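Q: Sequence:
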Amino acid sequence: MSQQVISYADLSIINSALRSIKSDMSGVHSELGTLNFKQDHLESELVKLADSFADFVEADIKHKALQLAETRQGNLKQDLQIKFGYYAEVRRMATGILQGVDTGIISDDTLKFTTEEVMIKAPGYWLAPALVSLAAWVRNDKNTNEKALNEALKRDDYKTTLFFMMVMRRLARNDASLKWLERYFMHQNPHNLDREFIIILEAVTTGVFPPAARQLMMSNVKNWLDQLTQGDTFINEQKSQWVKFFEALGPLSDGKYPLLEKFALNWNQLENSLKEAKTHDVLDAHFKSIISSSADFSKGVKVQLDEILSLLVTNFDDEELPLQEQVRFNQLIIQMDGDKAAAQAVMDAEKHIFDEQVDFLQLLTNASFNPELSGATKVTQALAVSISQPWIVEAHNTFTAQSRNKIPQYVELSIDDFKTSTKDGSEEIELLKQQEDFYRDVLETQLASLSFPYAGVIIGILIALLAFWAFSIQPIVGIIGIGIGGVIVWNSINNHKKAKKKITENIEERKTKAKEVLRGCFAETVDYRKEHTTQDNKAEEVSHLLYSITPEDFSSVSKETVRNII
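For the sequence shown, position 316 matches number 581 in my numbering, and the numbering has no gaps at all.
One thing to keep in mind: the hints can contain errors.
Claimed, not checked - Beta-carbon label-pair distances, calculated as ranges: (1) 372 to 332: 44 to 54 Å; (2) 609 to 701: 42 to 52 Å; (3) 488 to 600: 34 to 44 Å; (4) 758 to 679: 37 to 47 Å; (5) 808 to 361: 46 to 56 Å; (6) 609 to 369: 47 to 57 Å; (7) 324 to 537: 16 to 26 Å; (8) 491 to 689: 42 to 52 Å; (9) 671 to 791: 17 to 27 Å; (10) 332 to 450: 22 to 32 Å; (11) 702 to 738: 55 to 65 Å.
As the list claims (entries may be wrong) - Within a straight-line C-alpha distance of at most 27 Å, the following computed DSS-like cross-link-like pairs (lysine-lysine) qualify: (12) 698 to 776; (13) 684 to 540; (14) 780 to 767; (15) 762 to 778; (16) 688 to 671; (17) 605 to 671; (18) 540 to 553; (19) 803 to 643; (20) 765 to 698; (21) 684 to 527; (22) 327 to 509; (23) 327 to 540.
Hints are computed from structural coordinates only; laboratory data are not their basis.
Computed from a prediction, not measured in an experiment: that's the story for all the values here.
No residue lacks a Cβ here, since even glycine has one placed at the ideal position from N, Cα and C.
Produce the complete structure using the sequences and hints provided.
A: Here's what the structure looks like:
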């Protein structure tokens, strides 16, 4: 009988131990749940940290790109000065010689010595023999004049031809000027024009040529326009370039919406959409600046001819173009505060400006984009824009339609793992309630994952019971044991309460901050939509402005003559 009692007692102890192990396993599972939740939260924080680091890296890349561009800009200009610096001196001599002849204060010997020295110091440059020829013509040295002229034509036929066309017109040799002009047009192909043809547009704009020469220019321009606009190929190419030009003109971000920039998942789309909407305001100012340009007709014919002549001789020669292209790219990087992508977008739009040969429509586009790089004046830019007006209007309509199709319908937000979306910020009450529910669920999940300290409580109770049993044998040991057991139970329960309180306070703090951020995002969304709508509505103003542009407004030639071009 006693053996059986011992057996039952042993089994009772084993069962108790198994129940304790089961309880401990439940606690382990709860702790694992807590660890999983903390891991998810840690991953979320790491994603935010990675985003912040990416922003820092991007800002650092822009800063370094800006510094590098400034250094390269200086080096490139130095290279230009070393390789082609003497060209600038030669170029200044062209109008200097003509003005010296006007005043009659430069001797023939000085002209001869100066121009022949240029011939030695600028080998291969077309303008050097052209100046020698001009100086020989002034002093009536026919033999030298013909030799130098042939050499200039050999080096650059078209520029030499235009140069003497302008010189003869300036010297009032209108018949000779017309012959040079006829010679020039005889060799021109509207599909492959050299960059210096822009001088013909300058002549059309200023009206400094006599009727016969002007009519020759007009008729050729009209024929080329008719030829190139018969099909869609060339016009579509120009429309495509204008669309790229519009896209590249968008202003840089002004940091007006910091919360959306930080918490909107689709901020890049929102930013690009607003940038394209703001482009209309930039375009409005851009085209108003162009059409407000006008020629100063109070200037004498010689002054205007000297200005056009300076444009011809100072326009970049073909061998300078690669360096000038690099200078322009680094200049754009500096203007864009180190944003190489934005600089590249402008370069892509302007890339044909640096082509040695282009078709006539491309020539107009180049002059419209950047007259300084194209070798034209603002007045000629206005004339080029007016001639290109039909496809500029179509390009603007295409750009507007494309940008409106890309407007994000919703602002996608992620705030402390709470993901939601708003269309215009009007759903504030509903989304704040959803956020409240989200944090209530988070609190319940974290509290549920916090296991009750059964093991500690049971151990404390067992110690107390053993101490109570030992009290009859050793009272002091029993009292100490009961105290220890009580302390263990109290600490276990108290720590559990503290953990629950800490979780509750943490979730409450997160909820308060997230609610402020969400409300701030709503306010910025409202402002964003208002600004976007306001800026987008300016598309109609730009369209009206473009439709109002007519070529006759930008030429000194009679309206009837310019209408004949179009």
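Q: Now tell me, hint by hint, if it's right for this structure.
A: Hints, one by one, checked against the model:
| no. | hint | in the structure |
| --- | --- | --- |
| 1 | 372 to 332: 44 to 54 Å | holds, 52 Å |
| 2 | 609 to 701: 42 to 52 Å | holds, 47 Å |
| 3 | 488 to 600: 34 to 44 Å | holds, 39 Å |
| 4 | 758 to 679: 37 to 47 Å | holds, 38 Å |
| 5 | 808 to 361: 46 to 56 Å | holds, 47 Å |
| 6 | 609 to 369: 47 to 57 Å | holds, 53 Å |
| 7 | 324 to 537: 16 to 26 Å | holds, 18 Å |
| 8 | 491 to 689: 42 to 52 Å | holds, 50 Å |
| 9 | 671 to 791: 17 to 27 Å | holds, 21 Å |
| 10 | 332 to 450: 22 to 32 Å | violated, 49 Å |
| 11 | 702 to 738: 55 to 65 Å | holds, 59 Å |
| 12 | 698 to 776 | holds, 12 Å |
| 13 | 684 to 540 | holds, 26 Å |
| 14 | 780 to 767 | holds, 20 Å |
| 15 | 762 to 778 | holds, 24 Å |
| 16 | 688 to 671 | holds, 15 Å |
| 17 | 605 to 671 | holds, 23 Å |
| 18 | 540 to 553 | holds, 20 Å |
| 19 | 803 to 643 | holds, 25 Å |
| 20 | 765 to 698 | holds, 24 Å |
| 21 | 684 to 527 | holds, 13 Å |
| 22 | 327 to 509 | holds, 23 Å |
| 23 | 327 to 540 | holds, 19 Å |
Violated hint: 10 only; the structure is consistent with all others.
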